[in-house]
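Protein chains in written order, with my numbering: chain L, 1 to 384; chain R, 1 to 77; chain V, 1 to 371.
Please keep in mind that the hints were generated in silico from the structure rather than gathered at the bench.
Being a predicted model, the structure only gives us computed values, none of them experimental.
Positions of the beta carbon are idealized from the N, C-alpha and C atoms, including for glycine.
Check the hints yourself; a few may be wrong.
[What the hints assert, rightly or not] Heads up, incomplete: computed chain V residues facing chain L, CB under 7 Å, no partners named:
1) T41
2) R157
3) I298
4) A300
[Said to hold, decoys possible] If you want the ones that stay clear, here's a sample from chain R, every Cβ over 12 Å from chain V, calculated:
5) P2
6) G8
7) E15
8) R70
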Amino acid sequence: MIVVVGAGPAGIAAALAVQECGKAVTVVDENPSAGGQIWRGDPTHRWVARFRAFNIPLISGVRVVWGYPAARTLVLEDAVGARRLAYDKLVVAVGSPEIFLPFPGWTLPGVFGAGGLQALVKSGLPVRGKNVVVAGTGPLLLAVAASLRKKGANIRLIAEQTPAALLWPFAKQLSGRASKLLQGIGLAWDLAGIPYAPASWVTAAQGDGRLQRIVLNRRGTLVTEDCDYLAVGFGLRPATELAAIMAGPDTIVAGTGDADLSLLEGRIAGYTAAGDLEKARGLEPERDQARTFAASIDRTFAVRDELRQLADSGTIICRCEDVPLGRLEGKTCFRDAKLHTRCGMGACQGRVCGPALEFLFGWHGASPRPPIFPARVGSLLSEG
Amino acid sequence: MPEIRVDGMLVNAAEGVSLAVALLSAGRTRFRTSLSGEPRAAVCGMGVCMECRVTIDGQPHRLACQVQVREGIEVRT
Amino acid sequence: MFDAIHSFDVILVGAGIVGAACARELADSGLKVAVCHDSDTVGAGATAAGMGHIAVMDDSDAQFALTNYSQSLWWELAGTLPPEAEFAGCGSLWVAADDEEMAEVHRKSEYYSARGVAVDVLDSGGVAKAEPNLRRGLAGGLRLPADAVSYAPAVARKLLTGIQLLRGRVVSATSDGIEFASGESYFAGAVVLATGADLPRLAPELPVRPRKGHLLITDRYPGYLNHQIIELGYLKSAHSEDADSVAFNVQPRVTGQLLIGSSRQLGVDHADIDHAILRRMLARAVEYMPGLASLNGIRAWTGFRASTPDNLPLIGLRPGHRSLYVASGHEGLGISTSLGTAKLLADAMLGRPSAIPREPYDPSRSFNHHA
Ligand SMILES: Cc1cc2nc3c(=O)[nH]c(=O)nc-3n(C[C@H](O)[C@H](O)[C@H](O)COP(=O)(O)OP(=O)(O)OC[C@H]3O[C@@H](n4cnc5c(N)ncnc54)[C@H](O)[C@@H]3O)c2cc1C
Ligand SMILES: Cc1cc2nc3c(=O)[nH]c(=O)nc-3n(C[C@H](O)[C@H](O)[C@H](O)COP(=O)(O)OP(=O)(O)OC[C@H]3O[C@@H](n4cnc5c(N)ncnc54)[C@H](O)[C@@H]3O)c2cc1C
Ligand code: FES
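Please take these sequences and the hints and turn them into a complete structure.
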């Protein structure tokens, strides 16, 4: 049997491709239903509906916490128990968590990831009447602002750190493409009335026990903005832990990107897993084009150097272990910091501080070790 | 509407939402207390940041964003 | 052959807890010391992998002498350690599952008491009271209140304060100095090999073999555990020469985390997690402490102990050499015995008398009857 981990665009496309080849497939996802980050809570979306129409088995609400590549077995954990799942081929389609970068006050309750707040809202968090600032970088900010506004949020401002001089050529380049992204950017016009501030970023979040206001560098001028929630994200980075731990001849990693690219990557991974390499190869030119496009987005929205200066010596860098920037002074690499300050040693295992340290110091993150996510000791003993 | 207990107080949660959503909806902003005593709440909404860890029915370090509310659960923050 | 201008009284190869302790002792004795290492930070070898249990052990009189001496040195050092060293005098609790193991508790109790080490013998109820999360019905246990735990990489760093570090892989070490893979060389009046389980690379004739171990650390559960707990069956595990073995061994960290061990495997040289043995190890731990099953593990890793045929370290002159010394072979006790090792080594190098006899650890001793 082919097991696909992840029921986002890549996982759905992979499963459908396997299905098309007439092979048995099962999908595993930690969310209650299929859709991934982008289509969660949207069962009517075309791809989600197709996935459901084919009755592809979905084991939902469980997390892959461990795996034994040599034995081709995954360990799945849910709220109460654990079980093992054997596979012949494994497709890893676990997508990309957001990149968070530290600034004073970023640990205050009320400061969310941009995708993070969107995910919470999609799964039912009411935001009607809340004052929300959306900030950071990338096309995702627009999609987030649009979906929050649809739920009644009062979007005070979208602060995009990229300067206008880079944004407009990019937007023009887009207008020829019928992509999801174009729709995302197109939303900008739906968002009429919301101030969209290029070359602007949050320099501090403030409040007493929770977020009350932010300080914004708006094209060089510091301004204060009251708000209830800040949704701030600096793009996505592929989750590599499962792929690294399960690496082997029977593991196929589906690449990830925007929904279009992920769908392509997923289909290629699915055909590969099912053994139809010809079909997989046939999609590669289209995929390469999508990758090139994705890379150009990444370049456009590259985080600017000024943001390296935001954190001060007291700003927490490692949120799990409360390691402030000042304690990292004189450390030479991630491992030096880890062994001598506990930075990256906590429950998230460097998932949050890793990309931040890469941005701040050019350090490369911790080597992944099992478990893939924190897992109950008993889950590792499960026989079933 | 499931009724849950948060630090001893009754909270009504919407049907089918995650515990993180239930806590935030009820205006709770301290999910956990960090090592240096700061209040922390959900950030990523997808089980990655570990900031939403709460104690559920006596089990510490459960991810509120990954758990669906169930009638009668006891949550400590 | 050494064309470098740099020179030192002593160059130590290895910046683990053993190399660091030796360097500190030699520097404090007035020598000009340098330490070389090939990791990305100090204390990164077995020192970053080991549990950091500082224990007095009684497998042999020589092991007792060195662990006991070292432990007194640890307590002297404790007051000067920074918080990152996570030093805590939590004590050890050896648990006996049955009457046979209880007999061992009494034997140990007599052994330690006769040598002035404080111990308490606990009965079944006493063990349950000392550690409520242990399974009921254990026969009893032996508590050693002076045992402690620490985080060794931070201790190594502290001990190396002010000592010159040289980064690089040492490819040759002689009585006169060392040479790095880069070709750069340094002169020294004496050289010490403190390369842990990597010793055979520089001194292939010495009988050190890597013995792999697994550990798993949990999230924070403050108050779950009071002592480092070890099953008495551990001794069988620690001594088995060839078979893979596991034993229940769990430690409370200052952070509130629990560090769960331990396994032993000879003849394995890759650092990957071996799932089968890790599962056996965790199953053993859950057998003794059922509640562990519901706690979150956050990271598992492996490390290599430098084992010797007689389970005693190699401290002193490398056989057949002058001014070229060895401090390795500490198996699962190198953190415990690092401070005593440093004293004995410095004594040997400087011709000083030692607090305990040095002969049992002499690298030129005979291993024949253990082979
Ligand atoms: C008492 C104690 C408590 C601890 N508590 C925690 C804790 O709370 N949280 C935690 O996360 N850890 C903890 N650790 C473990 C520690 O972080 C490391 O996991 C430990 O040092 C073991 O290392 P590792 O095998 O995980 O590898 P790492 O420390 O990650 O180091 C691996 C090394 O190998 C190198 N490497 C990786 N892949 C390759 C390759 N393919 N080729 C060549 N080189 C490679 C890396 O660059 C790195 O230098 C603790 C350790 C101890 C001793
Ligand atoms: C799973 C496990 C659990 C353990 N538990 C405990 C415990 O509870 N209590 C206890 O006392 N001990 C314990 N130990 C043992 C303890 O960790 C070791 O004995 C101790 O850390 C050895 O320290 P070291 O300085 O000799 O070696 P290491 O820490 O391995 O240091 C070796 C150093 O040598 C350097 N090096 C090696 N070769 C070269 C070269 N060619 N050139 C340059 N540099 C080189 C490395 O960079 C490193 O700096 C445990 C070990 C393991 C694996
Ligand atoms: S909100 Fe990040 S893990 Fe739950």
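Hints, verified against the model:
1. T41: holds, 4 Å
2. R157: With a closest approach of 6 Å, the V:R157 hint holds.
3. I298: With a minimum Cβ separation of about 5 Å from chain L (threshold 7 Å), the hint on V:I298 holds.
4. A300: holds, 5 Å
5. P2: Answer for R:P2: holds, closest chain V Cβ roughly 23 Å.
6. G8: Check passes; 21 Å lies beyond 12 Å.
7. E15: holds, 28 Å
8. R70: holds, 17 Å
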